[in-house]
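Following the hints, position chains L and E against chain D.
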Amino acid sequence: MAASPHTVEQLNREAIPRARWLQAVLHFVVNRPLGAVGAVLVLLTATLALTANFVAPYDPLSTDYGAMLSPPDAHHWLGTDSFGRDVLSRIIYGSRTAMTVGLGASLLGASIGSLIGVVSAYFGGRVDLLLQRVLDVFFAFPVIVLALAVVAILGTGAGNVILAIATPMVPRCARVVRAAALSVREMPYVDAARASGFGHRRIILRHMLPNVMAPILIMTTAFLGEAILLEASLSFLGLGVQEPTAAWGLMLRGAAVEFAETAPWMAIFPGLAISLAVFGFNLFGDSLRDALDPRLRTQ
Amino acid sequence: MAFYILKRLLAMIPTLLGVATLIFLLLRVIPGDVVEARYLTQGSQFQSQDLMNQERHKLGLDKPLWRQFTGWMSGLARFDFGLSMWTSAPITDEIKLRFALSLQLAIMASIIASCLAIPLGILAAMKQDTWVDYSVRVFTIAGLATPSFWLGTLMILAMLIFFKWVPPMTFTPLWVSPKENLALLLWPALAVGYRYCAVGTRMMRSTMLEVLREDYIRTARAKGLWLKLILTRHALKNAILPVLTVISMEFAFLLGGLVVTEQVFNLNGLGMLFVEAISHRDYTLTQALVMLVASAFLVVNFMVDIAYAVLDPRIRYR
Amino acid sequence: MKSFARVFALAAAALFAWPLHAQSPHYGGELVFPVPSEPPSYDGHREETFGLIHPIAPFYNTLLRVDPNDKSGTKPYPSLAESWTESKDGKTYTFRIRKGVKFHDGSEMTSKDIKASYDKIIFPPAGVGSSRKGQYADVESVEAPDPGTVVFKLKHPSGSFIASLLSPYNFIYKADILAKDPHWYETHIMGTGPFVFVEHVKGSHVLGKKNPNYWDQGKPYLDGFRAVFMRDSAAQVAAVRGERAQIQFRGFTPANRDDLVKALGNKITVDESPWDCILLVAINHKKKPFDDPRVRRALTLALDRWEASKALSRIAIVKEVAGVQVPGTPFATPPDELAKLAGYWHDAEKSRAEAKRLLKEAGVPDGFSFTFMNRGVPMPYEPLGVWLIDQWRKVGLNVTQKVIEPAAYFGALRRGEHDVAMDFQCGYIVEPDLDMYKFTSSSRNPANYSFYEDPVVDKLYDQQSQATNPEERKKIVREFEKRVLDEQAHYLMTLQWHRIIPHSSRLHGWTITPSHYLNNTLDTVWLDP
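Protein chains in written order, with this note's numbering: chain D, 292 to 590; chain L, 198 to 515; chain E, 3 to 531.
Since the hints were made in silico from the structure, they are not lab data. These numbers come from a predicted model, not from an experiment. One should not assume that every hint holds.
Claimed, not checked - Computed footprint of chain E on chain D, listed as stretches where at least three residues anywhere in the stretch have a Cβ under 8 angstroms from a Cβ of chain E: (1) 346-359; (2) 439-450; (3) 533-543.
All C-beta atoms, glycine included, are put in the ideal place defined by N, C-alpha and C.
Chain D with its partners taken away, still in its complex shape (with noise of 0.2 angstroms):
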């Protein structure tokens, strides 16, 4: 279960010249095409929200009552909605919103999980039981309660569905980094740490995190696939990112299933950049991981 320190250790070397850098995505290209296929995607969807606003052909809150739900076309690549929007510009956009939430909520789940990990199994003792102790409450607890109490509590918008998603992925990484972080306290590093007097955080934080960056990394990439499609499923349910915003799980919402039929375009296209856009996440964040740490796949 534990990271080996060698591969973690590989990773955190500052001193890598660039050339090696090099070599090692070639390398990762080489032997893991399907990682890198992942990686193209993963790209592509970056680059589209970063450069949304050169890239969209129309805005994607400009309606058009004399273009409701027209087809594919020279104008509309893909189609308009029901309010005549352009439906490649909204995709567009929308990869914004999933990019926004997705990072979001995986960097935040990530960061406190494996800071609760760490600290757990750091102290050990009763404060270790005490965090695994509700840790397991939170795994037994249903997670669709957890993120329906978050957004009812705070209600809906982007801010708020990056803390409902990223709440139920704490207790996760908690577990893993704990397992991880747990072979690392062991090490003569961490004990000549302590003998010479260092403060807990300053262990914790210079010491112990670096060394679990490995299984944290793998963590939060795997989350991101996860959390951008359970962003499109808050939103699809009307829970998450509010119109007019632009955000794919909201344009396969109401009037694409309604129209699913005589305008399916509103309901294939933002469907398949969902699809394409966690595929893309999972393919490369499932290949990193084989690449990382060989040992942690078994977990």
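For chains L and E alone, coordinates are given in the frame of chain D:
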């Protein structure tokens, strides 16, 4: 062994207590209550504050929090969940049919996931790093990446347009009419099972790879695929265990978490009931549901642990 | 557009064809219909959702009902009361109660039961919920001088009293049961209606079978009915399309209608009607700059309602441009005159220019942003929310939407947390008293979510309520409307809902009305073999 089982059983109690406390508090933090949900619906211009306070009194919502909490705890200890605040009907009545549906769907989906994961995983391992391996991974990861609400909508629409077929309107228990029952549940079970086979396939592939790396199998490498399979048969038994574990871990989630799938396939299961109960602020029903799903999770975990202890001597009597 | 023409042609054809082959009703068969929500309890006096009416109303009768053949859904019609008289001073109403009506347990229904039921509605004992108590604030007493007579005494004359007795929620319960336990009817069903309760499987369906001893000889025609609970609207449509269900009584969307007509041709008949429900926009007078009537008027002037009527009626269950009364009903303002109100002009450009001018005059900067609170209900809240925000964007207002889940929504409105918010008004009958109460000052009306005090509005309301001459009442209603929607722009109206019921052509004897609460007793409904 008996001691170990007892220890694991007792360890569930604090977790359940924690879950009970958490859901109790969470529900009270959510703004609004069942009385508001009932009476402040439409225009409701004729609604008096008086009436609402009377209703709150009747439901015991005006009692101090600790009194409400001890009341709920003592009910819990007696396995008495009480009445739904929304419908005033016994909670067991509310849950019964939905639980049957969700349980069956979860079992069917788990079986489908296992049936996909085990052969696919073995195949991928046998043909490691070939196009077969890659296709298996693409196939399973695509399942994980496709939003179930989207896939479900497309599935239903396709059946409607091409086969003019519409699923039954209501859930009929399997023992009443297997045909009606399966007509309703087979499609969602396939969609969900496909979705959840990815993790199992991955696990199967990697354990299988480890088995294949063992010496005596390497020597058989030249002798063809089937021989290899036969040789590894006994090793497979141990390799399948972790696959079943990951799939059964999902089980509790499948029981109460398939909100979107239930919505798209028009199933009245526990997932939708969760959404309804929370949106009605039906404290008693939500609490009971949470306890039900949490217990299911713990029981499955417990059984997996026991299975390991029995099958794998190294873990015994931790 | 072609499919629309087809739908209307079909609807019209159905309408004209009806009297031509007015076949005699066919007996037998089970009516199956999806219901989008499950009843919270069985007590009609307490609940206010169609989720109770659709599956439960067939088990009961009311004192009076709406004429089951009247498309306007406003004509009083005898039910358990055979006839009624009004005293000269308008303060006493005497009802003659039908004889020989039996409850499903075999006991005789008398005036005692009607008194007990109305006492529970109007003067509920402590701890008993009654949603419509406030509607009968004018009633002084209900008396049952003999088994065949019920007398209602009012404090003052009221033009809308009979209309208030048409409420489909006012089931007549058995007095003896209510005396023993006033909560009994929350969890049990026992009435005098055309159908007898068989079972309610939670999360699945309600089943009713024909009442063989029904007082109305020869009715009901159906052997029974099955109300199936289906949340998802796509599944409801699929059920009708797959001919597993014959009708859904709430209403489908325009897209659903077109799909059904395309798939089923003449096997489907479409009934349409304006719907006595409307989404309004509440503008919180307690928040700046919305205390300024110029800003509120700008908000309504920004809306191009006529364009929306054309566009949104393709994608949402709304259609008619409306004032404070359902278009086409006796007290409604005709379209030409309506077009004179702010925000109802046909010239959208002029209207928007005026909106911008007013905003500027009020010192609201271009690109001013505020939050619009909406309710998390897909249809038609969502499309109308998108529309409103888009319209306001066109006069330089930058609006973000905050969506609150349905259960918490009106609680949030009551707390007044919003700047501008969607509000909802829906009635079982079109009647100025019931429809316009919403706009009276917040001191007398807790559902005024714009939070204003306007004595002029209140005075006009009382005047129209007491006006005995319909023409005079019409005039006051018009004045009221101008005050609320134009001069002060206290509230603004979106579009009137539009009810679309595509149903199996096998189904007869049911009339669409402007309310999805009406005509659900099912006694007159029959199915072709």
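Coverage of the stretch 439-450 of chain D by chain E, judged on three or more residues with CB within 8 angstroms: holds (count 5)
Three-residue Cβ test at 8 angstroms for the coverage of the stretch 346-359 of chain D by chain E: holds (count 4)
8 angstroms C-beta criterion, at least three residues: is the stretch 533-543 of chain D covered by chain E: Holds: 3 residues of the stretch 533-543 of chain D have a Cβ under 8 angstroms from chain E.
The structure agrees with every numbered hint stated previously.
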